[in-house]
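Use these hints to put chain B onto chain A, whose structure you have.
Chains A and B supply the protein sequences, listed in that same order. Residues in the first sequence are numbered consecutively from 0, following numbering that gives the first Met the number 0. Residues in the second sequence are numbered consecutively from 0, following numbering that gives the first Met the number 0.
Among the hints, erroneous ones may be present.
Distance condition first, Cα-Cα at most 20 Å in a straight line; then the derived SDA-like pairs of lysine to any residue [unchecked claim]:
#: 1; chain 1: A; residue 1: Lys215; chain 2: A; residue 2: Arg193
#: 2; chain 1: A; residue 1: Lys6; chain 2: B; residue 2: Ser118
#: 3; chain 1: A; residue 1: Lys191; chain 2: A; residue 2: Lys147
#: 4; chain 1: A; residue 1: Lys191; chain 2: A; residue 2: Val209
#: 5; chain 1: A; residue 1: Lys6; chain 2: B; residue 2: Leu86
#: 6; chain 1: A; residue 1: Lys6; chain 2: B; residue 2: Gly47
#: 7; chain 1: A; residue 1: Lys191; chain 2: A; residue 2: Val221
#: 8; chain 1: A; residue 1: Lys247; chain 2: A; residue 2: Ile276
#: 9; chain 1: A; residue 1: Lys214; chain 2: A; residue 2: Gln246
#: 10; chain 1: A; residue 1: Lys214; chain 2: A; residue 2: Leu226
#: 11; chain 1: A; residue 1: Lys147; chain 2: A; residue 2: Ile276
#: 12; chain 1: A; residue 1: Lys247; chain 2: A; residue 2: Phe212
#: 13; chain 1: A; residue 1: Lys147; chain 2: B; residue 2: Ala124
#: 14; chain 1: A; residue 1: Lys6; chain 2: B; residue 2: Met0
#: 15; chain 1: A; residue 1: Lys214; chain 2: A; residue 2: Ala192
These stretches of chain B come out as covered by chain A in the derived footprint (C-beta under 8 Å, 3 or more residues) [to be verified]:
#: 16; region: 48-54
#: 17; region: 79-93
It is worth saying that the hints were derived from the structure and are not from the lab. Virtual Cβ for every residue (Gly too), placed ideally from N, Cα, C.
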Amino acid sequence: MADSPSKETRRTRRAVPGILLVVSLMCLIISTRSLAGVPERVGITVFGFFEKGFAAVGSFVSDTLASIAELRRLRADYQELAGKLERYTNIERGLADLQAENRRLKEQLGFSDQLSYERISARIVAKDPASLYPTILINKGIEDGIRKDMPVVAFQDGIEGLVGRILEVGHGTSIVIPIYDGSSFVAARLDKARHEGLVGGSGSTDEPLVMRFVKKSAKDEVQYGDLVVTSGFESIYPPDIAIGRVQKIRDLEYQTSIEMDLDPILDFSRLEYVFVIRSVPNARTEEASQ
Amino acid sequence: MIRSIILSTLLLIGCSFAQSAWLGGIAVLGVVPDLSLVALIWISYMNGPVSGPASGFLAGLVEDFTSAAPLGFHAFVKTAVATAASLLHGSFFIDRFLLPIVLGTLGTIAKALAAGFLSLFFGSAVHSYSFLDRIIWLEAAYNGLVAPLVFFLLAPLKRALAPERGRS
Numbered sequence: 000m001a002d003s004p005s006k007e008t009r010r011t012r013r014a015v016p017g018i019l020l021v022v023s024l025m026c027l028i029i030s031t032r033s034l035a036g037v038p039e040r041v042g043i044t045v046f047g048f049f050e051k052g053f054a055a056v057g058s059f060v061s062d063t064l065a066s067i068a069e070l071r072r073l074r075a076d077y078q079e080l081a082g083k084l085e086r087y088t089n090i091e092r093g094l095a096d097l098q099a100e101n102r103r104l105k106e107q108l109g110f111s112d113q114l115s116y117e118r119i120s121a122r123i124v125a126k127d128p129a130s131l132y133p134t135i136l137i138n139k140g141i142e143d144g145i146r147k148d149m150p151v152v153a154f155q156d157g158i159e160g161l162v163g164r165i166l167e168v169g170h171g172t173s174i175v176i177p178i179y180d181g182s183s184f185v186a187a188r189l190d191k192a193r194h195e196g197l198v199g200g201s202g203s204t205d206e207p208l209v210m211r212f213v214k215k216s217a218k219d220e221v222q223y224g225d226l227v228v229t230s231g232f233e234s235i236y237p238p239d240i241a242i243g244r245v246q247k248i249r250d251l252e253y254q255t256s257i258e259m260d261l262d263p264i265l266d267f268s269r270l271e272y273v274f275v276i277r278s279v280p281n282a283r284t285e286e287a288s289q
Numbered sequence: 000m001i002r003s004i005i006l007s008t009l010l011l012i013g014c015s016f017a018q019s020a021w022l023g024g025i026a027v028l029g030v031v032p033d034l035s036l037v038a039l040i041w042i043s044y045m046n047g048p049v050s051g052p053a054s055g056f057l058a059g060l061v062e063d064f065t066s067a068a069p070l071g072f073h074a075f076v077k078t079a080v081a082t083a084a085s086l087l088h089g090s091f092f093i094d095r096f097l098l099p100i101v102l103g104t105l106g107t108i109a110k111a112l113a114a115g116f117l118s119l120f121f122g123s124a125v126h127s128y129s130f131l132d133r134i135i136w137l138e139a140a141y142n143g144l145v146a147p148l149v150f151f152l153l154a155p156l157k158r159a160l161a162p163e164r165g166r167s
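Only chain A is shown next, with the shape it has when bound in the complex (with noise of 0.2 Å):
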């Protein structure tokens, strides 16, 4: 390159960024309309690749260095765990006693099975990294059964809770579209008053997630801390997975219902593996054929 390039030389140099910005504009004004999809889903299958791959080594790293540490809590814990286990053998076996017994009682009251959904367990590869589209990378696709739309919930501290949906599918790494994002939309219904509402996200793991559409009727029979459930009702949702606790209750009266404040049932920072529904038993079906 020349030390003092021609006027021509530094005119085009300085289109540049208006073409590239140009670019991504067509690029938007394309994906955001119906060719959508077909771009990203090959990126994500390409570019998931790479992300799994600094996840790996991350987590080769970070569990090189746990693994010492923890060695030597495993000796301990072998011992106790030896002992333990001798006591819970005798347990299983009355348990087994105790799980056939209650099986017969079910079966006399009366009572379906708990419905059981089939999954496939995925690990946290990445978070999306701006904090506008909160986005969660795991570490399987569609080789291992994942489809678009699929639910995804998690376990934490004992509870199932909802975590989102399958938004992008690549060959081995799916998006994840949490539900707090701001565009993200679940029906729900208070698992104890049974009203129904619609939750949204806020965007943030720190905002809390909003009911709307609560029937005013309901604010008597709402109590700070009750459990909210997805209703299952026209969703691609199961019904009866934990989505949060009531936080907060809002009356405006200009509006014909009330909204609710909901502390997320669970803690997304501290996620690191979750569960993909892959098939919804139909469980109105299900009763209607009883």
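Okay, now just chain B, sitting in the frame of chain A:
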């Protein structure tokens, strides 16, 4: 120049993947520093109007692929921020702390303005920051704080990433 664009793009993509895979542990109220943005500001400031915006555009496209954002969103935002930073090319001497902090902070605000500009045209199809929300200010402060460290770490790569500057 092509070489510096390719190297800069790879560096930005690396930063982007690293922050999404590793930096969750240092998140403050859900916000992690945008290493890729800070590195982009440095590259653009050092190179002028071609390499910075071109690398920002390419790295932004990759971010679009790995996020829920519509294709072109990050590409536009990063190109716009890089263009703004490249306009300052050679205007100031970059010291150890003050200018990196200012550039990191202002770059984040420029990013929010670019996203806001897009939301004017694309409405709810794209997300934008709310200037009344703490997230943008938290991210701006966080990026400002990490900028001196990022600029310091990038300085030895000046010859590879900013060859024009390196020759002068």
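Against the 20 Å threshold, does the CA-CA distance of Lys147/A and Ile276/A hold or violate the hint? Holds: Lys147/A and Ile276/A sit about 11 Å apart, inside 20 Å.
Lys191/A and Val209/A were given as a pair; does the straight-line alpha-carbon distance stay at or below 20 Å? Cα-Cα ~18 Å, so holds.
Please verify whether Lys247/A and Phe212/A have alpha carbons no more than 20 Å apart. With a Cα-Cα distance of about 15 Å, the restraint between Lys247/A and Phe212/A holds, given a limit of 20 Å.
Within a Cα-Cα threshold of 20 Å, do Lys214/A and Ala192/A meet the stated pairing? Given that 20 Å is the threshold and the Cα spacing comes to 11 Å, the pair holds.
Are Lys6/A and Met0/B close enough, with their CA atoms no more than 20 Å apart? Cα-Cα ~18 Å, so holds.
Would you check the hint for Lys6/A and Gly47/B, treating anything up to 20 Å between C-alpha atoms as holding? holds (16 Å)
Within a Cα-Cα threshold of 20 Å, do Lys6/A and Leu86/B meet the stated pairing? holds (17 Å)
Hint check: Lys147/A vs Ala124/B, CA-CA at most 20 Å. Holds or violated? At roughly 19 Å apart (the allowed maximum being 20 Å), Ala124/B and Lys147/A satisfy the hint.
Given hint Val221/A paired with Lys191/A - CA-CA distance at most 20 Å: holds (8 Å)
Hint consistency between Lys214/A and Leu226/A [alpha-carbon to alpha-carbon, up to 20 Å]: holds (17 Å)
Agreement of Lys6/A and Ser118/B with the hint, judged by alpha carbon distance not exceeding 20 Å: Violated: Lys6/A and Ser118/B sit about 36 Å apart, past 20 Å.
Has the region 48-54 of chain B got at least three residues whose CB is nearer than 8 Å to a CB belonging to chain A? holds (count 4)
When each numbered hint is compared with the structure, violations occur for hints 2, 3 and 8.
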